[in-house]
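Asker: Each residue of the sequence shown is one higher than the one before, starting from 0 at the first, in numbering that gives the first Met the number 0.
Hints are computed from structural coordinates only; laboratory data are not their basis.
In this text the structure is predicted, and so the values were computed from the model without any measurement.
Beta carbons: idealized from backbone N, C-alpha and C, even for Gly.
Treat the hints with care, since some could be wrong.
Derived DEER-like restraints, expressed as beta-carbon distance ranges [what the hints assert, rightly or not]: (1) E21 x A127: 34 to 44 angstroms; (2) S6 x A90: 15 to 25 angstroms; (3) D118 x R140: 18 to 28 angstroms; (4) S129 x G44: 32 to 42 angstroms; (5) D35 x R124: 31 to 41 angstroms; (6) G13 x R140: 12 to 22 angstroms; (7) D5 x G40: 13 to 23 angstroms; (8) S135 x A38: 44 to 54 angstroms; (9) S129 x G37: 16 to 26 angstroms; (10) S129 x P36: 18 to 28 angstroms; (11) R120 x G39: 32 to 42 angstroms; (12) N126 x A38: 41 to 51 angstroms; (13) L131 x D4: 17 to 27 angstroms; (14) G20 x P46: 20 to 30 angstroms.
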Amino acid sequence: MGTRDDSDEAYVVGLCNQVLGETALTQHRFDWLLGDPGAGGRQAGLPVDAYWPGHRLVVEYRELQHDRPMPHFDKPDRMTVSGVHRGEQRALYDARRDTEIPAHGLRLVVVRPADLDADSRGRLRRNAQSDLAALSELLARPGDEDRGPTDPSRPRVSRSRI
0 MGTRDDSDEA YVVGLCNQVL GETALTQHRF DWLLGDPGAG GRQAGLPVDA
50 YWPGHRLVVE YRELQHDRPM PHFDKPDRMT VSGVHRGEQR ALYDARRDTE
100 IPAHGLRLVV VRPADLDADS RGRLRRNAQS DLAALSELLA RPGDEDRGPT
150 DPSRPRVSRS RI
């Protein structure tokens, strides 16, 4: 199995670093972005994929399991501290990030495989030139508060405007 450094998330963050000219803080945790309390009342900090303090920007790379049920990732037979299975908890925590990040004065950009050069199964082809162009356009947007999940087979970005 590959390392996190070989992941699509790391690839996307690396390209964003190039576009922004700043290195992200990866898996950053804010003291105000917390998960649900466990049995002992402790709340773990929810990591964000990448945070660029100089740009006041958070980027979340959301693979297909963020938008559709996938038993391998959802673990429907195991309950989380939130009292729901992992897939439902992921949706709750994504919604929390979507609300809390902008509420704290930061810009949130959500990147999905359909935004980049990906196959129908959401695997990135890692076409750096095309992906850099798409990310440049996404990162130029004011924010993603209005972007909900879409059909992953339909591209969200028109590369003809780049």
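Asker: Hints first: check each against the structure and report whether it holds.
Answerer: Against the structure, the hints:
no.	hint	in the structure
1	E21 x A127: 34 to 44 angstroms	18 angstroms, violated
2	S6 x A90: 15 to 25 angstroms	21 angstroms, holds
3	D118 x R140: 18 to 28 angstroms	25 angstroms, holds
4	S129 x G44: 32 to 42 angstroms	34 angstroms, holds
5	D35 x R124: 31 to 41 angstroms	36 angstroms, holds
6	G13 x R140: 12 to 22 angstroms	20 angstroms, holds
7	D5 x G40: 13 to 23 angstroms	37 angstroms, violated
8	S135 x A38: 44 to 54 angstroms	45 angstroms, holds
9	S129 x G37: 16 to 26 angstroms	43 angstroms, violated
10	S129 x P36: 18 to 28 angstroms	43 angstroms, violated
11	R120 x G39: 32 to 42 angstroms	39 angstroms, holds
12	N126 x A38: 41 to 51 angstroms	46 angstroms, holds
13	L131 x D4: 17 to 27 angstroms	19 angstroms, holds
14	G20 x P46: 20 to 30 angstroms	23 angstroms, holds
Consistency with the previously given hints fails for numbers 1, 7, 9, 10, ordered from lowest to highest.
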